[in-house]
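Protein chains in written order, with numbering that gives the first Met the number 0: chain H, 0 to 117; chain Y, 0 to 117.
Be a bit skeptical, because a hint or two may be false.
Stated by the list, open to error - The list that follows gives simulated cross-link-like pairs (lysine-lysine, DSS-like), each with its CA atoms no further than 30 Å apart:
| # | chain 1 | residue 1 | chain 2 | residue 2 |
| --- | --- | --- | --- | --- |
| 1 | H | 82 | Y | 59 |
| 2 | H | 58 | Y | 59 |
| 3 | Y | 101 | H | 84 |
| 4 | H | 72 | Y | 72 |
| 5 | H | 84 | H | 59 |
| 6 | H | 77 | H | 40 |
| 7 | H | 81 | H | 68 |
| 8 | Y | 72 | Y | 22 |
| 9 | Y | 22 | H | 66 |
| 10 | Y | 66 | Y | 82 |
| 11 | H | 77 | Y | 81 |
| 12 | Y | 66 | H | 91 |
| 13 | H | 84 | Y | 22 |
| 14 | Y | 59 | Y | 84 |
| 15 | Y | 58 | Y | 40 |
| 16 | H | 72 | Y | 40 |
| 17 | H | 59 | Y | 82 |
| 18 | H | 77 | H | 2 |
| 19 | H | 77 | Y | 54 |
| 20 | Y | 2 | H | 81 |
| 21 | H | 66 | Y | 101 |
| 22 | Y | 91 | Y | 54 |
| 23 | Y | 59 | Y | 72 |
| 24 | H | 66 | Y | 91 |
| 25 | Y | 58 | H | 84 |
| 26 | Y | 101 | Y | 58 |
| 27 | H | 2 | H | 91 |
| 28 | Y | 58 | Y | 22 |
| 29 | H | 101 | H | 2 |
| 30 | H | 22 | Y | 91 |
| 31 | Y | 58 | Y | 84 |
| 32 | H | 58 | H | 84 |
| 33 | H | 72 | Y | 101 |
| 34 | Y | 68 | H | 91 |
| 35 | Y | 2 | H | 58 |
| 36 | Y | 66 | Y | 40 |
| 37 | H | 66 | Y | 59 |
| 38 | Y | 22 | H | 101 |
| 39 | H | 22 | Y | 40 |
Rather than coming from a laboratory, the hints here were simulated on the basis of the structure.
Number of protein chains: 2
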Amino acid sequence: MEKIVRQSMLYDFYGELLTEHQKSIYEEVVNNDLSYSEIAKMNNISRQGVFDMIKRCDKKLEEYEDKLKLVDKFLRAKEQVKKIKECANQLKSINSDENLNKKIEEIEAYSDSILDDF
Amino acid sequence: MEKIVRQSMLYDFYGELLTEHQKSIYEEVVNNDLSYSEIAKMNNISRQGVFDMIKRCDKKLEEYEDKLKLVDKFLRAKEQVKKIKECANQLKSINSDENLNKKIEEIEAYSDSILDDF
Chain H
0 MEKIVRQSML YDFYGELLTE HQKSIYEEVV NNDLSYSEIA KMNNISRQGV FDMIKRCDKK
60 LEEYEDKLKL VDKFLRAKEQ VKKIKECANQ LKSINSDENL NKKIEEIEAY SDSILDDF
Chain Y
0 MEKIVRQSML YDFYGELLTE HQKSIYEEVV NNDLSYSEIA KMNNISRQGV FDMIKRCDKK
60 LEEYEDKLKL VDKFLRAKEQ VKKIKECANQ LKSINSDENL NKKIEEIEAY SDSILDDF
């Protein structure tokens with residue numbers, strides 16, 4: 000997984016456990032894709048200061064995941080839901096009964112609502 | 000939701016963020032259903048000490064959920080997966096095509112694997 004994707008995912012799950020200051024800096028890097036230099040200027044701290052803070056936040060977020068493994072759990076569930084969607088798609092392509100199709104579409108809708116929430 | 004069920008769920012999600020000592024006492028109450036008096040005797044502390052520790056752990060676990068809302072997120076997903084299983088069941092009862100049935104059973108299996116993991 001690309002580093003920024005993992006950072007963003009860990010932040011989605013555990014970001015609320017960082018301090019407000021850490022959150023604001025981390026978001027600027029991970030979500031808003033600003034460079035360390037830009038953030039350093041904006042916050043009136045050194046580039047090295049930003050670098051150190053991001054590293055500290057990464058470590059803290061990874062420690063939460065090491066202990067709780069909830070991102071991992073969600074990713075596993077997400078894979079299974081995607082497979083359900085694939086099955087529903089395949090069902091639709093081989094089925095022509097209108098009543099069955101309605102139920103299959105319900106399954107698709109439930110799958111989408113799970114994936115949207117994840 | 001019954002208090003013990005909620006405690007057990009919060010502990011499943013965030014228990015690893017408690018200290019080893021807190022975990023061992025909390026598990027004896029929540030998972031092993033021992034009384035405060037029994038645990039007090041076993042650990043050579045007062046009944047009030049056990050009561051206070053459980054209260055402190057409850058608070059800590061609820062604070063994690065207040066911030067992260069991951070139990071809530073899982074419960075929502077679980078409800079949707081159960082609905083997918085219901086749809087699959089209904090599909091099976093109104094369908095007689097063997098090929099379709101195989102796909103429907105795949106959906107059931109993926110749903111079960113998600114529910115087992117949750």
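Problem set entry | Ascending list of hint numbers which this structure does not respect | 1, 5, 6, 12, 13, 14, 16, 17, 19, 20, 21, 22, 24, 25, 26, 27, 29, 30, 31, 32, 34, 35, 36, 38, 39
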